[in-house]
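J.: Here are the chains, one letter per residue:
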Amino acid sequence: MFFVLNLTHQVTLHPSYFGRSMHELVTGKLLKDVEGTCTGRYFIITIMDTVNISEGRVLPGSGLAEFNVSYRAVVWRPFKGETVDAIVTSVNQVGFFADAGPLPLFVSSHLIPPDIKFDPNATPPQFTNNEDSVIEIGTHVRVKLIGTRAEVGSMYAIASIKEDYLGCLQGS
Amino acid sequence: MGKQLDLGHHLRYPITVSKLLKAPGDSIKKQEPILQYKFTTVREVGDPFGEQWKEKQVTFADWDSPSDGTMRKWKIQEGMVIEKNMMFAEIEEDCPHSIQFAGLCGICGKDMTEMSWASAKNDTDRAKINMIHDQTALTVSQDEASKAEEELQRRLLRDRKLSLVVDLDQTIIHACIEPTIGEWQADPSAGNYEVLQQVKSFQLNDDGPRGLANGCNYYIKMRPGLKEFLNKVSEMYELHVYTMGTRAYALNIAKIVDPDKRLFGDRIISRDENGNMTAKSLARLFPVDTKMVVIIDDRADVWPKNRMNLIKVHPYDFFVGIGDINSTYLPKREELPKDVEIPKLKPSKPIEAAAVTSEGKTDGIGATRVSSKTPIAPTEGAKVSALEELVRMGGGDDQALRLEQAAEQENLLEKQIKERPLLHMQEQLDKEEDEADDEEAKEEVKNGETVTEHPHHKHNLLKDDDIELMYLEKHLTQIHKSFYEQYDGALVNAQGGRIAQLKPSHSRKVPIKEKAGDLSIVPDVAEVMPRIKTRTLEGCVIVMSGLVPLGVDIMRSEIALQAMSFGAVIHYKVSSKVTHLVASTSRTRTTKVKQAARREKIKIVSQQWLLNSMSKWKKEDEGPYLVHVSESDRKRAAGEEGSSPPSDMNETDDSSDDESASSGGEETDSIPSNSQDMSLELDDLAPSEDYDEGQSPVEQMNNFDWNLADAELEAFMDESDSEASDTASEISTNSGDRTPRSGEKRKYNDREESVDSDGDSDAESTLAKKQRVANKRSTGLKSLTSEQSLPTPGPTNDGEGGEDDGASKGIQEDDEDDGFDLERELMEQLENADSDGGG
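Top to bottom, those sequences are chains A and B.
1 is the number of the first residue of the first sequence in the UniProt record's numbering; add one for each residue after it.
1 is the number of the first residue of the second sequence in the UniProt record's numbering; add one for each residue after it.
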């Protein structure tokens, strides 16, 4: 689910950048540092704007200036039970892997409807029910997350397509 | 899917079950109490006045469920007293957690890394097997793995295929990053232009250790006939790629070899997913059953557990001297002395010839050696590899070692770019070519095939004359055929019984092949293949000479293991049973060659015979491989057969002489030590000594190869622990041996006897025997021999014993010949050494 959050971040700036356009530099550095990262609970998708940039404080010893920046960002936190769209990245006999944006997820064969079977002889290997559903690398699928786990800087999820309206997205 | 619960060791037994909180059929949650029990403890209790006494206390406690599920059965009742840990209940789990992805259960989506007070053990341990080619985060349980594998086997049986695991580097391709190749490729006037036209290239931008090598071009040469080979083989086998290169590298190669992913599909595993930097294992891909898997690889030593499934391929070495660019992580390749025809090169330029030799030797060791164009003494190589072996064994999965290896690889790659070994080699080749225009300069044999003289005006460094894949295809077809022959045979038998009687016509194919029947009757490739292979050299009894470095046990050397896998029997020594002596072409005057020359039955062949036979799986005709044995060896041998030696220099007493006569040519097959070789090598240093033949000893000395002798002496010295005693007696041995004398045969017999007469041929008893013989001699050195032949600790035991023995003999001879001065001197030295060792 997507949220707009007020967040803060500390940006340090090298003394060689001290000057007139310091605030732009700080904002730029913020974007570079923060956008697209994962905190372990959510992904920071994009920064909408900076609310406030504190006065710079020169750090003793290094001479770098430190700014406290508060900003608004769109974040995405995957929840258990959430339905997301994903692109298949790898298929094997145990199940298939897909990426829902920044989130790698795995759909095991237990969570695939029984009529969709693994076909190792096809090139590339695929899950198919020999009708309209063909899941191979690059296929767009709609899945439901049934479990997530966070590690420092990354998240993983287990998903299912064993429900109505899940699975291959036609015409996409 | 029932799971037994046990109480655990940590409870204070005996406990009394006071209440069962769940009835069979109830659902239970993790960490929910399912059982109440009580136990009594004795505790020290005190009051404010300082009195203390012991008191029995009854404590009640809950037992919490470690997992979700349904209660199925209690094995205990309320009121029961339990004395020790036991299985007390059976529950049906909701989820077996048999597929896990990055710590998540792939079936129920729960976090497996979570631990709580109730969990009995780590849930991640339930699925430990990593069997997916391109993922390391995904693990499965044993059950799941065997299920998947069974499915795979059934599918393969239905398609009548087998699995084939293919190595990349030097097996089906040869890779190189030398920039020279790009230049040659672009330049039609370059000598190697034509052959290089099929070389493909790509750039790699993975995060591997590169440094300077980053962004360089990889040049890939496919082994000749690869396309046809793979197409043909893929009809019988499902192909997997298993390489020690990085994943990006493997994918790029696969793109070149198999652009439409028809052959390998996604079945590619690289060192990134392997989980082990030094060895490959079939268990990574086929964790349960490797019955239907064949491997082709150019290195046997990286498959320590799967030798039986392996077809060793002759390494493809297109870019001469480059070797395997991904091999720095692997243990060093065991080198065979290359088949080089040194004398044919210009004798006026010995240094250059030596350089070529060293180039030939380097193919596994890589560019480090290529650049140093100095002849490398064989001992150095042996020492280096021994050291590296130790480092490797000590290292394990040491991080430091890993870094070191990464750095080494970087170095190697950089070196290739900077020093351009190929360019140098070609230049040198051109130079030689110019100098000797009409002389037919022979090139080293690279691919185990006899050299076909190229009609090129200019000699090119790079040649495309490899035909290994042709044989390989034949072998794979053969294995496939006999595997399914055996399977079909087993099917008929397994079918047997009633159905077969009722429907004899249908018994074979229809019912069982659809379901692929009972998998237990599937034959094992690891049995089928060796059966075919052993036919190759069946009946060959082989002795090797000059192929294995002195310090290495022949039986454990790569070439011997291989020869044995082809059905040959390896002996340490030349005897009447031996049928072939395989000699290194660079050293054709070893003792073993001379010994073998005496027996007409023994065919003395070059190692190419062995290699080609093993490559073709067919015993090659020995004719073209016969080694030229110098005339003097043969002649002397012939003469000695008839004449008996008149005198004995070694003062052996009569009893041992008789024994030697009675035990005749009967030699024990497997003497575990190489002490034999050591002592026999000593004789090598001695010139032949036949007065009877009318040949003057000086004449013999003339064609005696002093360089060889020196090299061997050096090797010998290096081998020994350089104790003072060793060195001293060493020298005396040589000086003693150089004095011409007769009775060599007696000496042999003498030594052989000492081994022959003890049947169990144990290293210790061999030594004991020698000691006994030595004791019979009347010298003042008895104490010395007994001292020295005590088993020295450590792996060098055998070798040491042999040396010491030879050395002490030398001393004895000297003391008889030269009088007492030397003896005294030696005694002093030895005593010093002994007291050193004692102190």
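Derived by calculation from the structure, the hints in this document are not laboratory data.
Ideal Cβ placement from N, Cα and C applies to all residues, glycine included.
Among the hints, erroneous ones may be present.
[Unchecked claim] Computed footprint of chain B on chain A, listed as stretches where at least three residues anywhere in the stretch have a Cβ under 8 Å from a Cβ of chain B:
#1 83–92
#2 122–133
[Unchecked claim] Looking from chain A toward chain B, a few residues come up when the C-beta cut is under 8 Å (computed):
#3 Leu103
#4 Phe106
#5 His110
#6 Ile158
J.: Now look at each hint and say whether the structure bears it out.
T.: Verification of the supplied hints:
1. 83–92: holds (count 3)
2. 122–133: Our answer is that it holds, as 3 residues pass the Cβ test (under 8 Å) against chain B, meeting three.
3. Leu103: With a minimum Cβ separation of about 11 Å from chain B (threshold 8 Å), the hint on Leu103/A is violated.
4. Phe106: holds (4 Å)
5. His110: With Cβ-Cβ at 5 Å, under 8 Å, it holds.
6. Ile158: holds (4 Å)
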